[in-house]
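Make a model of the complete structure from these sequences and hints.
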Amino acid sequence: MGVKLLLEHANVEGIRYYDTYRRVGGYRAAEKALKMSTADVVEEVKKSGLRGRGGAGFPTGMKWSFLAKPEGVPRHLVCNADESEPGTFKDRYLMEFLPHLLIEGLLISSYALGSNHTYIYIRGEYAWIVDILNQAIAEAKNNGWLGKNILGTGFDCEIYVHRGAGAYICGEETALIESLEGKRGNPRMKPPFPAIQGLWMRPTVVNNVETLAAVVPILNMGGDEYAKIGVGKSTGTKLLSACGNINKPGVYEIDMTIPVEEFIYSDEYCGGIPKGKRLKACIPGGSSVPIVPANLLFKTAKGETRYMNYESLSDGGFATGTMMGSGGFIVLDEDQCIVRNTMTLARFYNHESCGQCSPCREGTGWMYKILKNIEYGKGKMSDIDLLWGIQKTIDGTTICPLGDAAAWPVAAAIRHFRDEFEWHINNPDESQKHNFGLAHYADPRPVPAAV
Amino acid sequence: MNIQFSPEKLKEVNELISHYPEGKQKSALIPILHIAQGEFGGWLDAPVMDYIADMLKLLPIEVYEVATFYSMLNTKPVGTYVFEVCRTGPCMLNGSDDIIDYIKNKLGINEGETTPDGLFTLKPAECLGACGYAPMMQLGKHYKEHLTRDKVDAIIDECRKNAASKN
Amino acid sequence: MSDQMFKVTIDNKTIEVPPGTTILNAARMIGPEVAPPAMCYYSKLKESGGKCRTCLVEVSKGSEKDPRPMPKLVASCRTTVMDGMEVKNFTSPKVVEARKGIVEMLLINHPLDCPVCDQAGECHLQDLSYEHGTEETRYDFNRRTFEKEDLGPYVQLHMNRCILCYRCVFTANQLTGKREHGVLERGDHAEISTLLGKSLESEFIGNIIDVCPVGALTDKTFRFKNRVWFTKPVDAHRDCPTCSGKARLWMRGEEVFRVTARKDQWGEVEDWICNTCRFEKKETKDWVVEGPSEISRASVISQGHYAGNVGTEKPQVFIDKIIGKQPKLLLDIHSISDVNKKGVTLSKIDGPAHSDDFGLKNK
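Protein chains in written order, with the numbering used here: chain A, 1 to 451; chain B, 1 to 167; chain C, 1 to 363.
One should not assume that every hint holds.
Stated by the list, open to error - Computed far set for chain A versus chain C, every beta-carbon distance over 10 angstroms:
{"no.": "1", "residue": "13"}
{"no.": "2", "residue": "46"}
{"no.": "3", "residue": "56"}
{"no.": "4", "residue": "131"}
{"no.": "5", "residue": "153"}
{"no.": "6", "residue": "221"}
{"no.": "7", "residue": "250"}
{"no.": "8", "residue": "267"}
{"no.": "9", "residue": "278"}
{"no.": "10", "residue": "377"}
{"no.": "11", "residue": "384"}
{"no.": "12", "residue": "411"}
{"no.": "13", "residue": "430"}
To be verified - Simulated pairs of lysine-lysine, DSS-like, Cα-Cα distance not exceeding 30 angstroms:
{"no.": "14", "chain 1": "C", "residue 1": "100", "chain 2": "A", "residue 2": "372"}
{"no.": "15", "chain 1": "B", "residue 1": "76", "chain 2": "A", "residue 2": "183"}
{"no.": "16", "chain 1": "B", "residue 1": "57", "chain 2": "A", "residue 2": "183"}
No lab work stands behind these hints, which were simulated from the structure alone. All figures in this text were calculated on a predicted structure; none of them were measured in a lab. Idealized CB from N, CA, C, for every residue including glycine.
Take a look at the structure:
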C-alpha cells in the first residue's frame with residue numbers, strides 16, 4: 001500500500017459530514033495554519049514542491065508568490081472545479097466524498113493569500129455536488145471555520161460555490177474568470193496574468209481542487225516532509241482517475257514512485273484488462289496528452305522503466321513520451337480503434353472550442369471532419385498528411401492551450417499509429433466491419449495463458 | 001406565461017446576487033439562468049432572458065450571448081426529460097455508441113430531436129466527468145452511470161411513470 | 001514617469017518607442033514593410049485584437065535584460081515591447097509558414113463570393129490572402145452557412161463571410177452605449193446576431209460597416225449599386241451637429257454613391273461619422289469637397305482610372321524594401337504595359353481608362 005494523504009479517510013463512514021471529518025483529525029491543519037504568519041504558510045507550500053494538479057503542473061508556491069498585493073484592493077482565491085478533461089473525474093470524487101478536505105484546503109489557502117471571498121467554480125453538470133459543497137460550507141460556518149474573525153485571528157473568509165453551465169473551456173483559468181464574471185467563457189489575452197488582474201480585475205489565484213486539498217496534508221506534515229514523498233520534482237501524492245478498458249476503474253492515490261505497468265496490472269489499482277485482453281495503448285494524463293502505444297508505455301525509448309510521475313511520463317518528449325497532465329488515465333485494449341478514439345476526441349475539442357481565435361475555431365472542426373471521413377471509410381491517403389498539417393498550424397498559434405490540447409492527440413495518434421490510419425483508408429469496407437488490432441506496437445507482456 | 005420568479009425563487013436569486021461584490025451582479029447571471037431554465041419550461045425564451053437582463057441591469061444581448069455559449073443552457077424548447085448521453089473517448093471505449101443507437105431506436109428519434117409527445121430529448125453530450133462509470137448519461141440533476149440496455153429501459157419506464165403521475 | 005524609450009528591432013530595423021507600445025504599433029511606426037497584417041486589432045477600439053492570429057511574430061530576443069527568445073509565436077497586437085527586444089516578422093520562416101496556415105483557416109469557410117461582394121476591392125481578407133496565403137485550399141467539405149438575418153435599413157449582414165474579429169461588437173459597445181448585436185453560440189457555430197432580427201439604427205451604428213475587415217457588414221444603401229473601383233473617393237466635410245462631419249464620398253461623375261469615414265494607411269477609420277452623414281447625405285450639395293483622397297497605389301481603387309499619382313514612379317516600398325520577400329505579381333504594370341503609357345495623368349480621364357486615352361486606337 002502506498003502513502004495516502006488525500007484519500008486516507010475516504011472510506012470512513014460519514015466522512016462527508018463535519019463531525020466525522022473533525023473526529024479523524026480534520027481542520028487540524030487549518031488550526032495550525034491560522035496560528036502561523038501568512039508568509040510562513042506560503043513558505044510551507046513552496047517547500048512542499050507541490051505542482052498544480054489541474055494538468056499543467058506549475059509549482060503552486062511559485063504561483064502564489066506571483067500574486068500582486070496592491071494596497072486596498074481585494075484579492076481572490078478561486079478553486080477550479082470545472083473538471084472536464086476527458087478521462088478525468090478525480091476532483092468530482094474529492095468533492096463528493098471529502099468536501100471538508102477541500103474546504104479546509106480553501107480556508108488555509110485563502111488565509112495565506114488574503115482572500116476574504118473565495119469562489120469554487122464547479123462545472124454545471126456536477127449539480128448534486130453543489131448541494132454537497134453548500135452543506136459542508138454551512139457546517140464549517142456553524143463550527144466557526146468560516147465567516148468573521150475565524151478562530152479569533154481577525155481573518156474573515158466566505159466561500160461561495162458558483163455553478164458553470166457546460167463549457168470545457170472554462171477550465172482554462174482566464175476563461176473561468178470570465179465565466180465567473182457572468183460572461184462567455186472566452187479566454188483572455190495574457191498578459192496581464194490573473195495574479196495581477198484576474199477576477200473583476202483584482203489579483204487572483206486560480207487553483208485546481210486537488211491542489212487545494214493537498215495543502216491540508218502539507219500543513220499537517222510540513223512542506224519538507226511532504227517533499228520527501230515521491231521522486232524528484234514529482235513530490236507528494238497524485239490522484240489518478242483510471243478508466244477505459246480496465247477491471248477496476250476509479251480514483252487512486254499514488255505516491256508517484258510506482259511503475260506504469262504496476263499501476264495497470266496490480267490488483268491494488270486498475271486490476272488489469274478485462275477478459276484477459278491485451279493492452280494496445282494508453283492516454284495517461286487526460287485526453288489532451290499524447291497517446292502512447294503499449295511498447296512505449298512500460299519502458300521509455302531508452303529501455304528504462306516508466307513510472308507514474310511528471311518526469312518519467314514525459315521522458316522522450318512528444319516523440320516517444322507523453323505527459324502526466326490531469327491524471328485522467330485512459331486504457332485502450334487490443335480491440336479498440338485508434339481512429340475512432342481520435343475522432344471522438346477531435347469532436348470533443350471541436351464542440352468545446354470557444355470560437356474566439358481562428359486556428360482553433362476552424363481547425364478543430366476541419367480535423368473532426370477528416371477523421372470522420374477516415375473512420376467511416378471515406379478517407380484519402382492525403383488526408384493523413386493534411387491532418388498533420390492542420391494540427392501543426394493549430395499547435396502554438398492559439399490564444400489558450402485548448403488549441404494545443406486539440407492538436408496533440410491527433411499528432412500522437414498519427415505519429416504512433418499511422419499504419420492503422422492507412423489501413424482504414426486502404427480498406428474502407430473491411431474497416432467498417434472490424435478493427436485493426438494490435439500490430440507492431442503489441443503489448444510487450446507475454447500472452448496470457450488460455451483460461 | 002407570466003415571467004416572474006416566485007417569491008421563494010426570488011429569495012434564492014437574491015441570495016446568489018449577494019455572493020458577489022456591489023456592482024458585480026452580472027456574476028450571478030449563469031447560476032440565475034439555471035434557476036430560470038428550471039422555472040420556465042426547461043429552456044430560455046427571449047422574454048425570460050430579457051426579464052433576467054432587466055433584473056441584473058444588463059443589456060439583453062449580454063444575456064443572449066451567455067445563454068447561447070453554454071451547452072447546458074437551452075435556447076430552444078426541449079422535452080421534459082433530456083437524455084444527455086456522453087460519447088467522448090472513454091465512454092466510447094465502453095460502448096456509448098451502442099447505448100445511443102439503442103435509445104434512438106427505442107424512442108424513434110435522432111440526436112438533437114424530441115419525441116412527438118414532448119417527453120424525451122436525446123442530446124449527445126461531450127465528456128461529463130464520469131469516465132470511470134461509463135457509459136453514462138445526465139438526466140436532470142443526476143448522472144445515470146454504468147448504462148446497459150436494460151438500465152436504459154428502466155430509466156425510460158420510470159420517466160414515463162413520473163410523467164403520467166404528474167398529469 | 002520616466003521618459004525612457006525602449007529600443008526594438010523588427011526585421012532588422014530598429015526604432016525607439018515609449019514603454020507600453022505593442023510590437024505591432026512599433027512595426028507600424030517603422031513602416032508597412034515590417035508591419036504584420038491585422039484582421040481583428042483596431043487601434044481605435046479598446047480590447048480589440050488577439051483573435052485572428054494573423055499578426056503572430058517571432059520574438060527572437062526577449063529583451064536586453066532577458067535575451068531568451070519567446071517559446072511560441074506571439075500576437076504582436078497584444079504583446080508590448082521590451083527594451084532591446086528583437087522581433088522577426090517577414091524574415092521568420094516560422095511566421096511566414098504559420099501565417100499561411102492561419103490564412104487558410106480563415107478561408108476554409110469563407111464563401112469566396114468576391115464577384116458579388118460589395119467589399120471586394122477594399123477587403124482586408126482579399127489583401128491578406130493575396131499577400132500571405134496560398135493559391136489553393138486543401139479544404140474539400142461543404143462550407144459553413146448561416147441563416148440570413150435582417151438588421152434593418154442600414155446594415156447588411158452576410159454572416160457566411162464573417163471572420164469573427166469582434167470589431168463590430170467593440171464598436172457598438174464603445175460608440176453607441178446600447179449594443180444590440182453580439183456574438184452568439186460558440187466554436188465554429190459562433191455568429192454575429194441580434195438573436196431576434198432587430199433593426200440596428202442607433203446613431204453611430206454605421207461605423208460597424210467601416211470597421212468590418214470583410215464583406216460581412218456592408219452598407220445597405222450602397223448594396224449592388226457599384227464597384228468600389230469604379231467610384232472615385234474624395235474627401236469632404238459638412239457641418240454636422242452629431243459627428244466631426246469629416247467623411248469620404250465615393251463618387252461617379254457628380255453622383256455620390258456611398259459615404260464612409262476616412263481611413264488611414266492601415267485601413268482604420270480616422271474619425272467616426274454618424275448615420276445621418278453616412279446614409280442620408282448623398283448629394284454633393286450636402287458637402288464641401290476638399291479633393292481626391294489619398295489611396296494606396298497597391299489598392300485596386302487606384303488602378304485603371306483613378307488616383308492622383310499613379311504613373312511614373314516605381315513602387316519602391318512594395319518591391320525592394322521587404323526583406324527576403326519577392327512580390328508575387330509585378331505591381332507596376334505601367335512600366336511594361338504597352339497600353340497604359342507613362343505620363344498619362346489618369347485622374348484627368350473621365351471614367352474608366354480606354355485605349356483611346358493612350359492613343360492606341362488607330363495604330
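Right, here's what the structure says about each hint:
1. The beta carbon of residue 13 of chain A sits about 43 angstroms from the closest Cβ of chain C, which is more than 10 angstroms, so the claim that it is off the interface holds.
2. Distance to chain C confirms residue 46 of chain A as a non-interface residue, since its nearest Cβ pair spans about 23 angstroms, more than 10 angstroms.
3. Listed as a non-interface residue, residue 56 of chain A keeps its Cβ farther than 10 angstroms from every Cβ of chain C; the least gap is roughly 14 angstroms.
4. Every beta carbon of chain C lies more than 10 angstroms from that of residue 131 of chain A, the smallest distance being close to 28 angstroms; the non-interface claim holds.
5. No Cβ of chain C approaches the Cβ of residue 153 of chain A within 10 angstroms, the least distance being about 40 angstroms, so the stated non-interface status holds.
6. Every C-beta of chain C lies more than 10 angstroms from that of residue 221 of chain A, the closest at about 36 angstroms, which supports listing it as non-interface.
7. Here residue 250 of chain A stays apart from chain C, with its beta-carbon at least about 32 angstroms from theirs, past the 10 angstroms limit.
8. The beta carbon of residue 267 of chain A is kept farther than 10 angstroms from every beta carbon of chain C, the shortest such distance being approximately 42 angstroms.
9. A cut-off of 10 angstroms between C-beta atoms confirms that residue 278 of chain A is not in contact with chain C; the least separation is 37 angstroms.
10. Residue placement check: residue 377 of chain A keeps its beta carbon more than 10 angstroms from all beta carbons of chain C (closest about 16 angstroms).
11. Distance check on residue 384 of chain A: its Cβ is at least 12 angstroms (rounded) from any Cβ of chain C, clearing the 10 angstroms threshold; non-interface status holds.
12. The claim that residue 411 of chain A lies off the interface holds: its Cβ sits roughly 14 angstroms from the closest Cβ of chain C, which is beyond the 10 angstroms cut-off.
13. The claim that residue 430 of chain A is not at the interface with chain C holds, since no C-beta of that chain comes within 10 angstroms of its own (minimum 24 angstroms).
14. Among the hinted pairs, residue 100 of chain C with residue 372 of chain A is consistent with the structure: their alpha-carbon atoms are about 25 angstroms apart, no more than 30 angstroms.
15. Between the alpha carbons of residue 76 of chain B and residue 183 of chain A the distance comes to roughly 20 angstroms, so the proposed pair stays at or under 30 angstroms and holds.
16. Straight-line distance between C-alpha atoms of residue 57 of chain B and residue 183 of chain A comes to about 14 angstroms, which keeps the hinted pair within the 30 angstroms bound.
Consistency note: the structure conflicts with none of the earlier hints.
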